[in-house]
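Please build the complex by placing chains B, C and D on the supplied structure of chain A, with the hints as guidance.
Chains as they are written, first to last, in our numbering: chain A, 1 to 357; chain B, 1 to 357; chain C, 1 to 357; chain D, 1 to 357.
Hints may contain errors.
The list treats identical chains as one, so a pair stands whether inside a single copy or across any two.
To be verified - Pairs of lysine-lysine, DSBU-like flavour, derived with a Cα cap of 35 angstroms: (1) Lys-300 with Lys-149; (2) Lys-357 with Lys-33; (3) Lys-89 with Lys-33; (4) Lys-84 with Lys-47; (5) Lys-357 with Lys-307; (6) Lys-33 with Lys-353; (7) Lys-47 with Lys-185; (8) Lys-297 with Lys-185; (9) Lys-350 with Lys-151; (10) Lys-192 with Lys-58; (11) Lys-300 with Lys-194; (12) Lys-357 with Lys-149; (13) Lys-151 with Lys-353; (14) Lys-58 with Lys-33; (15) Lys-357 with Lys-300; (16) Lys-300 with Lys-353; (17) Lys-194 with Lys-84; (18) Lys-149 with Lys-187; (19) Lys-33 with Lys-151; (20) Lys-300 with Lys-314; (21) Lys-33 with Lys-84; (22) Lys-97 with Lys-350; (23) Lys-149 with Lys-307.
Quick caveat, the hints were computed from the structure, so don't treat them as lab data.
On a predicted model such as this, the values are computed, not experimentally measured, just so you know.
4 protein chains.
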Amino acid sequence: MNTFGERLKISTFGESHGSGVGCIIDGMPSNIKVDLGFIQNEINRRKGGLNLYSTQRKEDDIIEILSGVFEEYTTGTPIGIFIKNGNAKSSDYDDIKDLFRPSHADFTYFHKYGIRDYRGGGRSSARESIARVASGAFAKLLLNEFDIKIKSGIYSIGGIECNNINFDYAMESEIKSLDIDIEEKQKEMIMKAKQNHDSIGGVALLCASNIPIGLGEPLYYKLDSAIGALMLGLNGVKAVEIGNGVESSKIFGSQNNDEITNSGFLSNNSGGMLGGISNGDKIIIKVHFKPTPSIFKSQKTTTTTNKETILNLKGRHDPCIAIRGSIVAESMLALIIADMLLLNASSNIKYLKQIYK
Amino acid sequence: MNTFGERLKISTFGESHGSGVGCIIDGMPSNIKVDLGFIQNEINRRKGGLNLYSTQRKEDDIIEILSGVFEEYTTGTPIGIFIKNGNAKSSDYDDIKDLFRPSHADFTYFHKYGIRDYRGGGRSSARESIARVASGAFAKLLLNEFDIKIKSGIYSIGGIECNNINFDYAMESEIKSLDIDIEEKQKEMIMKAKQNHDSIGGVALLCASNIPIGLGEPLYYKLDSAIGALMLGLNGVKAVEIGNGVESSKIFGSQNNDEITNSGFLSNNSGGMLGGISNGDKIIIKVHFKPTPSIFKSQKTTTTTNKETILNLKGRHDPCIAIRGSIVAESMLALIIADMLLLNASSNIKYLKQIYK
Amino acid sequence: MNTFGERLKISTFGESHGSGVGCIIDGMPSNIKVDLGFIQNEINRRKGGLNLYSTQRKEDDIIEILSGVFEEYTTGTPIGIFIKNGNAKSSDYDDIKDLFRPSHADFTYFHKYGIRDYRGGGRSSARESIARVASGAFAKLLLNEFDIKIKSGIYSIGGIECNNINFDYAMESEIKSLDIDIEEKQKEMIMKAKQNHDSIGGVALLCASNIPIGLGEPLYYKLDSAIGALMLGLNGVKAVEIGNGVESSKIFGSQNNDEITNSGFLSNNSGGMLGGISNGDKIIIKVHFKPTPSIFKSQKTTTTTNKETILNLKGRHDPCIAIRGSIVAESMLALIIADMLLLNASSNIKYLKQIYK
Amino acid sequence: MNTFGERLKISTFGESHGSGVGCIIDGMPSNIKVDLGFIQNEINRRKGGLNLYSTQRKEDDIIEILSGVFEEYTTGTPIGIFIKNGNAKSSDYDDIKDLFRPSHADFTYFHKYGIRDYRGGGRSSARESIARVASGAFAKLLLNEFDIKIKSGIYSIGGIECNNINFDYAMESEIKSLDIDIEEKQKEMIMKAKQNHDSIGGVALLCASNIPIGLGEPLYYKLDSAIGALMLGLNGVKAVEIGNGVESSKIFGSQNNDEITNSGFLSNNSGGMLGGISNGDKIIIKVHFKPTPSIFKSQKTTTTTNKETILNLKGRHDPCIAIRGSIVAESMLALIIADMLLLNASSNIKYLKQIYK
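Only chain A is shown next, with the shape it has when bound in the complex (with noise of 0.2 angstroms):
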C-alpha cells in the first residue's frame, strides 16, 4: 500500500535513517522533456536547514534518476529515483529507541507491526515526503503542457490568518507565508512555539488554475475524493476543505450556491469541483497541520513494555510542519490532476477516435 494514483502511479521507499528515500514514477506519458534543474528547484523548496523556522537538519537532497528517462525525454517507461540521506544522527534517538513519543506514529507502528525502526521515526517520517515532491515535479512537467499551474503558501499559523492572498509572494516568504502584512505576526507566533520547546500548527492554502473541465472519475475516484486521500494521509494533516469548506456546512444554499453565466461562475465556493469533477474553476483547498508531535517539553509517555515514564526528547524537529508541509501538499494536487488527465483520456469515445483516427 505504498503506491497511489491510477495511471500515473506513484510507490515510494525509505525511511529517515536508512540510506534514502526513493520512488517509482510509473505511466508517465513518453516524449515529455525532463527539465532536471526545475525538478532539483522544486527538492529544494522543500529543504529544511534553511532558516530560523524549520528543523536544523540540513541535506543534499540531491536527485538521482535511475531510469525511464533518455537523452532527456520521458520514454513511457517507469522513472526510478534516489535521493540519498546525508546528514542523519541515528544518535539523536537512541534515548528513545524503546519510548514512544505522544501523538506521535512510533506508538502505532510498533504496535502493528511489531518492530520499528526507531531512528527519526524510520517510515513515518516527514523524510519520505522528499520522494512525493520529486514526483509532484514530474508531474508539473507534464501538466506545464498544458499550462496547468498549482501553486501553495501558508494561510494560517496558530489561528493567525492572512487576508491578502498572494502566492507570488509566498514563493519568497521564509515561512511560505501569503500575505506579506501578516507574515511578521506568523513569524513570531513560531518563535514563540520554538522558545517554549514547543510547536504550533498552520493551515496550507493550495489553488490550481486553468484546470479542463471534466477531470475527476465518479463515484470512487473523485477529484475531492483523491484530494482527501492524499491530503488527509500526509502527515500531521488533521483536516480537508474544499471551497468553502467547513463555511459552507453552516450557510443557506441560496448563499453557497455558485450561480452560471455564459461567462462562467459568478462565485467559486465549490473550489472548482461539483460531483467530483474539475468544473473549469480553480481548485481551492486548505489543508490544516497539526503542530509538530516532537517537542522538547517533558511529556508523559511508556516505554515499548508498557512502563510510564516521563519523556524529555532531543533531535531537530521544525517547530511548524505546516511550512515545509505545503510544499508536500502542492505535490500531491499536482500529482492527483496529472493522474485525473490521464484518466480523462478514455471517457468520452470522442476523445479516443482523435487517437485512433
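For chains B, C and D alone, kept in the frame of chain A given last:
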C-alpha cells in the same frame, strides 16, 4: 472507478431514475451469519419521506440479495445486491433537461461525458448512496464479530452546534441530532430554510469504538487517508476533520499532544489514529456537508448550449443533506474499518502463523 | 477479486442455482450506441440446450440492463447487467451435497471457505461465464468503432485438429468447428464420449484483427500477460498458446523470427505481439480446455468429512466444455483489447495533446 | 503498470544499459529474518557469463537493500532494492540505433512510445528480470516459514525432452537440465544453434510443494490466472501449461480426472489446483520459451523510418533464454504463492478470529 476498498471491495451501479441501484460486495469472509432484518433496518435509517425534514420522495427500498449468501451465511463469493427504484417522478425534471442547476453535478457530468441522464441527477444523485448503506450494513455484520461499533449523528445544522453528545439519542431524533437540548433549534433552522425555498448546511459526527490497535496501511492507504477519500467523496461534503481537526492547526504541540499512560492516552485529540494507524482509542470524525444545491429560489444559470436563463426548480429535495448523509457517512466508516481489519491480517508474520499452523 | 480490467473493469456476481448472474461494466466511454439486439445475440451464441453436443440445461438468458445506458447511448457511468436463472434443477445436486466431484472446484471451495453452495457448482459453475459474454459484447461495441474484429472457433476436439481454418464457418457449425471437412469426425468424438458417460477435451482458436500497433502495458500488464490471466482463468483451461506457442520452444530463432518488410511482417509466429505490445499483425491464441470433470462414470471420491465413497453423478453437463468455452474465450479477448485500447490513450504526450487542445 | 501482486506488490524499474535495475517489494509481513546470503545466491543463480551456454555479459549483480529491513528483520515497510549495471556495452548497439530486430520488442516500444532506449533493448531487456529474482528471493523467505518449496529446471531444449525429472540435479547442471541422461543432447542442441549464429527454444518445468489447500482468489485472481499472467508476461514465453496442460485437451474426462481417496488424489493431472484454488497437491507448470530473437544471422528488417534493410547483429545474447528464464519463472511462482498466502488470510471469518482475539 466505481469500486472502492482493497480487500473488501464495493462496486456500485445505478441511477436515480433508472430501474434501481445495486452493488457487489467482494471480499466478505465466509461463514458470517447474514441478519437480513438488520440490513433492511440500516437501509430504512437512510430513508427519506418520513418527516418534514427530509425529501418527500418515499421509496420502499426493499433490498434483494442476488448472490453470495447460502442458507443465511456468507460463502466468500461476491454478494450481489439490488434495490429497485419505485417512486421516481421523471417528469419533475423535464423542465431542466437542458439546464444546469447551480452547484450541482449536472454541469460537470454533461461536460465530461457529452451526455447525461438528467432525470433526478442520474448517477450523481444521492440515490446511489443506498448501495453504500447496504454495503455498510454488511461491513457492520463483520465488525460485530469483533464488537466494533460505529455510530453517527448530526452535530451541527447551519452553525447551531450540539453540546452534549449522545449517539443513542441520535437514533431516535427525527433529524438525528446528537443533543436533545439543541435539536429544536436545529429543526427551526431547517424549517426556516424550507420556508424560504432554500436549503441549509450541516455537520455529521462519527464515532467508532473498540478498534484494535494497528488498523491502517501506511503510507498511501492510511486510515485517515481512506477516511478522507470516502468522506470527501460523499455528495455535498466540503470538509472533513479527524479528532481535533481544524482546531489543531491553531494550537501548540503541548496542547494538542495526547500523553500516554499505561492505561491509555490522557486525551484523544488524535481522533484514534497516529501515522494513519489506529491507536486503540475512539475514532472521531466530523463531516461537513454543504447545503443542498437544489433549491427552489430563482437562480441564474445557462443551458447546455450556453445560453443564460433563470432556473426555477421543482421536484423533491432534502432541505439539509447532512441528516440522511450522516447515515451514509457512518456506513462508509464501517466499510473502511472492515477493509482495514482484513488488510491488517497479513501485516505481521505472527498473524499468518496463527492461520497456517 | 471478482473484478478484472484496468480502465474497462468488469465485476461479476452470481451462482449457478441462485437467482441469476450479473455484472458491472465500469469504464465504458460515453456516447457509444448500444445495440441490444447484438448483445442478446452474443449471449445466445453461448447458450446450451440447442443441440446434442451441449448441456441439456436450456435457459432463456434474457439480458436486463439496469444502468449506464440512456436513450440507447452509454453515459460513461457503470453499466449494471443481470441475467436471471430460470431452468435450475437444484434437486439434481442433492445426492452430491456432501461429496466432491473429482477434478471439480467443489473440493477446493469447500476447503477454502468452509462452506459451499453445492447446487450446480455454485460460484464455480460455468454459468457465471454468461456475465463475461455480456461484458464482451459491450467491449465489441467499443471495438467496432475502430473496426477491430474478434473471432473464435473450435480448433481441435480430443486431438482431432482442423486443417483449413474458417472462422465464418465456425459461426454456423453446431460445434463451432473451424473446418467443415473435419467437423464430422470431431462430432463423432463428442458422441463417443457422451455414449460412454464420459467427456472430452478440446481447443479453441482465437483471432483478433485490425489491431492498432501499441496496445499492451509493459511490464506487468502486457498484452500476453493479460491474455494469460484471463484465458487460464476460464473454467477448465489448462494451457494457453500465443502465436507459434508450444512449437516455438522446439525450433531455432531463424525459423521462429518474423522478418520485417516495409509492408509488414513476413510471418506471424509472434501471434501479433512483441514485448507484450501489439505489433499490428493478427492476434492468434490457442486455448486448451480439459474434458468436463462432471462425468457419469463411477469414480472414487470422498465426502466432506473425508470418508471414501463412489460417486455416481446425475445432472446436465456439456460433454465438451471447449465448444461453449470458445465463445467465452472470444469475449475475454474482446475485453482485454478494449481495456488496452483505453489504457494506451495516455501512453504518449502526443495523444493527450490531441484530446486537450 | 510496472507493478504486480495484490498484497505482496512488486514494482520494478530500470533498463539494460541505464544505471541499474531496482524494485520495491511492498506488503512483506514484518518480523521475517532476512538472510542476505540466500538472496544474493538466488540472484547468482540467474547470472550469465558463467559458461558457454549463456550470454557472455558478466555482471557482478550485487544487491543493495535500500529500505524496509532493520537489524536483519523486515519491518513491514516497503523494501527498496537496487542492482547496478556494470558491464553494459552500449556501443554494441550503435549500429541498430535506427533498426528493428525481428521478433524483438524494439519494434513495438518504438511505435507505442515514439521513442526508445535502443541500448540493449532498454526496458524490454531480460536484464529487468534480476528485480524479479531478487523479489522472488524475498518471497521464498516468507514461504520458508511455512516449509513451502519452489523448484525449477529445464525440461526441454529444441524439442529434446527430459525423461527422469530430478530437480536436485538441475541445481548443479550448467544448463539447469532436469535429467542427467538427456543433458548432453540438450547441450549439443544449444551448441549447434550457437555455431550457426542462431538460437534455440526451450521449456522450463516448475514445481511447488507443501502448498496449503485454499490458495487462490476466484474468480479473477485464481491461482492459474495469476500463473498465466506472470509466466506469459516473461520475455519470450509463448505458451504455459498447468498440470496435464495441452495433453488434457486430447483425452477423456475419465482419463484426466483425479480421483480422490482419504489420503489424497490418485493422480495430479490438475497440477495442484481446482477452480483456481490450490488443492494441496504439487503445483506443476510448464513454461515454453521461444528462441532468443537476437541472432547473428542476416535478417530482413526495416529502419525506424520504414526503409528496408538487412540486419547483421552484434552483441552478447543467450543462445537459449529458457535456461536463465527458468530461474525467473521459478521466482515468479514464489511471488504468486506468497501473494496468495497473504490474500487467503482474510477469506474466512475463522482465520480472522484467530488473529483478533
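_When Cα atoms must be at most 35 angstroms apart, do Lys-33 and Lys-84 count as within-copy, between-copy, both, or neither?_
both (24 angstroms within a copy, 25 angstroms between copies)
*Is it within, between, both, or neither for Lys-350 and Lys-151, if the alpha carbons may be no more than 35 angstroms apart?*
both (32 angstroms within a copy, 26 angstroms between copies)
*Have a look at Lys-297 and Lys-185 and pick one of within, between, both or neither, based on CA distance no larger than 35 angstroms.*
Answer is within: at 23 angstroms inside a copy they meet the 35 angstroms cutoff, but 43 angstroms across does not.
*For the identical chains here, do Lys-357 and Lys-307 meet the 35 angstroms Cα criterion within one copy, between copies, both, or neither?*
between (70 angstroms within a copy, 23 angstroms between copies)
*How would you label the pair Lys-300, Lys-149 (within, between, both, or neither) given a Cα cut-off of 35 angstroms?*
between (45 angstroms within a copy, 29 angstroms between copies)
*Copy assignment of Lys-33 with Lys-353, given that the CA separation must stay at most 35 angstroms*: both (26 angstroms within a copy, 14 angstroms between copies)
*Same-copy or cross-copy closeness of Lys-58 to Lys-33 [CA-CA at most 35 angstroms]*: both (30 angstroms within a copy, 33 angstroms between copies)
*asked:* My question is about Lys-97 and Lys-350: at a cut-off of 35 angstroms on alpha-carbon distance, are they close within one copy, between copies, both, or neither?
replied: between (59 angstroms within a copy, 22 angstroms between copies)
*Have a look at Lys-89 and Lys-33 and pick one of within, between, both or neither, based on CA distance no larger than 35 angstroms.*
between (37 angstroms within a copy, 26 angstroms between copies)
*asked:* I want to check one pair: Lys-300 and Lys-194. Are their C-alpha atoms no more than 35 angstroms apart within a copy, between two copies, both, or neither?
replied: within (20 angstroms within a copy, 51 angstroms between copies)
*35 angstroms Cα cut-off: does Lys-151 pair with Lys-353 within a copy, between copies, both or neither?*
both (34 angstroms within a copy, 23 angstroms between copies)
*Indicate which option fits the pair Lys-300, Lys-353 if close means a Cα-Cα distance not exceeding 35 angstroms: within, between, both or neither.*
between (64 angstroms within a copy, 34 angstroms between copies)
The structure shown violates none of the earlier numbered hints.
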